[in-house]
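Trainee: Kindly produce the complete structure, drawing on both the sequences and the hints.
One-letter residues, chain by chain:
Protein chains: 2
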Amino acid sequence: VPVSDLPARVGLLGGGVIGGGWAARFLINGVDVCLFDPDPAAPRKLEAMLANARHAYARLTLAPVPTPGVLSFAASPEEAAEGADLVQESAPERLELKRSLLAAASRAAAAQTVFCSSTSGLRPTALASTMTHPERFLVGHPFNPVYLLPLVELCGGRETDPDAVARAEATYRAVGMHPLRLRAEIDGFVADRLLEALWREALWLVRDDVATVAEIDDAIRYAAGVRWAVMGTFLTYRIAGGEAGMRHFMAQFGPTLQAPWTKLVDVPELTDELLEKIVAQSDDQAAGRTVGELERERDESLIAVLHALRSRGVGAGATLAGWERGLMRARGDGALAGADGAPPDTSPLRSDVREIPDAWLDYNHHVHESRYLQLCGDATDALLIRVGVDADYLQARGSYYTVETHLSHLGQLRGGDRAQVLTQILDCDAKRLHLFHTVERSDDGRVVATAEQMLVHVDAATQRVAPATAAVHARIAALAAQHAALARPERAGRRISVARP
Amino acid sequence: VPVSDLPARVGLLGGGVIGGGWAARFLINGVDVCLFDPDPAAPRKLEAMLANARHAYARLTLAPVPTPGVLSFAASPEEAAEGADLVQESAPERLELKRSLLAAASRAAAAQTVFCSSTSGLRPTALASTMTHPERFLVGHPFNPVYLLPLVELCGGRETDPDAVARAEATYRAVGMHPLRLRAEIDGFVADRLLEALWREALWLVRDDVATVAEIDDAIRYAAGVRWAVMGTFLTYRIAGGEAGMRHFMAQFGPTLQAPWTKLVDVPELTDELLEKIVAQSDDQAAGRTVGELERERDESLIAVLHALRSRGVGAGATLAGWERGLMRARGDGALAGADGAPPDTSPLRSDVREIPDAWLDYNHHVHESRYLQLCGDATDALLIRVGVDADYLQARGSYYTVETHLSHLGQLRGGDRAQVLTQILDCDAKRLHLFHTVERSDDGRVVATAEQMLVHVDAATQRVAPATAAVHARIAALAAQHAALARPERAGRRISVARP
Chain A
2 VPVSDLPARV GLLGGGVIGG GWAARFLING VDVCLFDPDP AAPRKLEAML
52 ANARHAYARL TLAPVPTPGV LSFAASPEEA AEGADLVQES APERLELKRS
102 LLAAASRAAA AQTVFCSSTS GLRPTALAST MTHPERFLVG HPFNPVYLLP
152 LVELCGGRET DPDAVARAEA TYRAVGMHPL RLRAEIDGFV ADRLLEALWR
202 EALWLVRDDV ATVAEIDDAI RYAAGVRWAV MGTFLTYRIA GGEAGMRHFM
252 AQFGPTLQAP WTKLVDVPEL TDELLEKIVA QSDDQAAGRT VGELERERDE
302 SLIAVLHALR SRGVGAGATL AGWERGLMRA RGDGALAGAD GAPPDTSPLR
352 SDVREIPDAW LDYNHHVHES RYLQLCGDAT DALLIRVGVD ADYLQARGSY
402 YTVETHLSHL GQLRGGDRAQ VLTQILDCDA KRLHLFHTVE RSDDGRVVAT
452 AEQMLVHVDA ATQRVAPATA AVHARIAALA AQHAALARPE RAGRRISVAR
502 P
Chain B
2 VPVSDLPARV GLLGGGVIGG GWAARFLING VDVCLFDPDP AAPRKLEAML
52 ANARHAYARL TLAPVPTPGV LSFAASPEEA AEGADLVQES APERLELKRS
102 LLAAASRAAA AQTVFCSSTS GLRPTALAST MTHPERFLVG HPFNPVYLLP
152 LVELCGGRET DPDAVARAEA TYRAVGMHPL RLRAEIDGFV ADRLLEALWR
202 EALWLVRDDV ATVAEIDDAI RYAAGVRWAV MGTFLTYRIA GGEAGMRHFM
252 AQFGPTLQAP WTKLVDVPEL TDELLEKIVA QSDDQAAGRT VGELERERDE
302 SLIAVLHALR SRGVGAGATL AGWERGLMRA RGDGALAGAD GAPPDTSPLR
352 SDVREIPDAW LDYNHHVHES RYLQLCGDAT DALLIRVGVD ADYLQARGSY
402 YTVETHLSHL GQLRGGDRAQ VLTQILDCDA KRLHLFHTVE RSDDGRVVAT
452 AEQMLVHVDA ATQRVAPATA AVHARIAALA AQHAALARPE RAGRRISVAR
502 P
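Protein chains in written order, with our numbering: chain A, 2 to 502; chain B, 2 to 502.
Just so you know, the hints here were simulated from the structure itself, not pulled from any lab data.
On a predicted model such as this, the values are computed, not experimentally measured, just so you know.
Keep in mind that the hints are not guaranteed to be accurate.
Which copy is meant is left open, so a pair is good if it fits within one copy or across any two.
[As the list claims (entries may be wrong)] Straight line, CA to CA, 25 Å or less: simulated DMTMM-like cross-link-like pairs of lysine to aspartate or glutamate:
| hint | residue 1 | residue 2 |
| --- | --- | --- |
| 1 | K278 | D210 |
| 2 | K46 | D33 |
| 3 | K46 | E298 |
| 4 | K432 | D363 |
| 5 | K278 | E186 |
| 6 | K46 | E294 |
Mentor: What follows is the structure in structure tokens.
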């Protein structure tokens, strides 16, 4: 992700569930946001959404996210659009309302400002009709929660300039999204057509008392939902067809299309009775959890699934990994500049404060012992990036490998605790790096673990121990010289034994 | 999961993608399977499916799965049904074919044998009509891959005895599934009605060139699919409605149901042209990957998602965790019986051989250093379960906590390697346990890491160091006495330093 695709400033029209999600995604990526929403409660709701998003990103990624952008509120759509590189409209789904917001904002914006609408179904040609410079307008349709789900559907109208689509696409990619360009302008675009079809069928099933809303949700999340996180419907069915492939599948299951499942091809009437039934069943399903609680639960689980997909390089996980690589590259440069330019610092290096995810708990609700080493190993990685062992170095020159670790457990972390690792260089030479990590619980400053580590530098080509490059060694040696002023940790050099009285 | 709900033997009618998946799930859970399939290629196809499933389970779980059941082939449906506790029919979706298989098998089975059909749409009353004892028949509709996805829809017919449904439900739970009882007998049940609605809409989008099959799949897996692994459609929309809840959501989005998205309410005709288009686009999407390769990719990703859901106790992950707890409990008893009854063994304890999942690789394709400690920590857990520190003990009495670890890296594991941990007790007293683990790559027997560990026993009530129960200490001391005959590991008692010439 070239950093230059990041806009400096975006204007947002509407700060509800979708607009707030956009605000969070842009701010976390370091973009300034100016938001217009006539609702007096908008700032309060937005703050709650941003808190959710910040909490989520602390768990989502260890990549060095930039300094957050600055949030400001505009008194009018014109003010939100002034000076913006991109204006994103996320007002309620009423054509006239959206049209008037877009028209007003487009008069105030520079001619090159790209305009996007978050509409989930209205056509771009209709939305753009009263705008100044309608050729820079397109639909950029995201999915809730916008700060976690990467899909954004791009759909231009009759007048849309392909350059506007390309610029919107680059911007969305720069903030970690997966843009999908549509080939035709239709109501509902692609994803919502699919979701709406499933939703209508679900309403029939509730109406006919075949299943409750909770049972219908279970029918999805215990089977097809797990598959759909991984593969869409066509690839799934291709596999179901066996080695004979898609043609065989279509031959086998095509006739089902003509089966008399009549409810599929009609629309249920939303009577008061059906509405009451859905509301009552939904209340049962929520079992007293507020929407805020459900949001947190949803986000935690989405993050766990995104991590799972990232580990496989699949779909939304691949998008996340690409965004992180871009941040690592950006930070690699920045960290080096800082290390070279900053005044000497004789305190240990401090990692970012990190929140312990519940995913690290074992069946007994303890943080697995290996996770303390993971915290320290990640602190080692941060040190290595700081001295120039970045992605390019790893590929071209080599890396440091841990050969020995002595880990001491002095307390316990629990899920939700925040922790920080302090790293001190004890010793080094051209090939070796001797470190001491101290894991502190941030809330009370208590040391919960220490890890002493020895690393050796291994050449990328020969895979044998070999000296680091002069530049890397010089940076390590400079840090080590600063750290020589620190006291040697009491637990350094320990060995294990059962002391017998 | 009471072990008694596990059937001793099941009969399977049909060994295709679904029947083979059933075979794998039952065999892996220790159930004998007798399969009838007239296709001469059935044994070969089944072996490939079983290989996939065994591979998948090696990554899916560390729980002690039982000794696999025995697979045999029957020459007739009658032979498959003889002596079976459950008969599961998974023949092609043709009513007359299924009817004749069920009728023949039901004549040969004992009267109390439960019969289930894997049909994805045919009604149970119609299927049972020619059976002997139709009251013990119901639909048990699973999802591909049957050995990984937990959902099974249960739907009885007019004559079905509730006791048969209850017994089928208990059996499915015992093999790690999530049964969903339907409230009415309808074509397509619940899940397939939903999937079919989405599928029909997807066919329209392809037909009208709005998107290719790959783009439609992306429209699912980059957004709604990730959500659907976590929450179904109703709970998702409840959240989208904000604090005002479901009523607000319905008021806001209900009108969309009447929008002129006409394609939603009609069925596309499966012309040759549409068929060719889908086949060609699907070939593009597969990009040369065979169905076998796609299956492996799918399974690996499904496992990663299941693990993610397990970490959150959500949906299909909660089902997996429940099944594992049942196995741990069953093994806890068995392991103890073995330890008490078996002859003394003076070799180190050997963990199960474990395959290194790709999820353990970092961005640089190395196994993260903390994972070596995880392997050793898990070996410690296995030792503790063996000496009686099981789930009940943890809750009532206490546990051992690691206070210190000295880890040495002597080689590298790669994704897909198989590894085993050898554990030797170096020393112990009533409160302390001093262990030495050796991590061996199974393929070449090479030692890739060692870990020396000190653990202390902590009382559950006081959370302070306290002696273990006499029974646990006696078992540890007995093992330690056997291990006293082993050589002391060379790397025991090491400390870290940069040796200077």
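Trainee: Taking the hints in turn, state whether each one holds.
Mentor: Hints, one by one, checked against the model:
no., hint, result
1, K278 to D210, "within (10 Å within a copy, 38 Å between copies)"
2, K46 to D33, "within (18 Å within a copy, 58 Å between copies)"
3, K46 to E298, "within (18 Å within a copy, 41 Å between copies)"
4, K432 to D363, "between (37 Å within a copy, 23 Å between copies)"
5, K278 to E186, "between (36 Å within a copy, 20 Å between copies)"
6, K46 to E294, "within (15 Å within a copy, 47 Å between copies)"
This entry satisfies every hint, going by the numbered hints stated previously.
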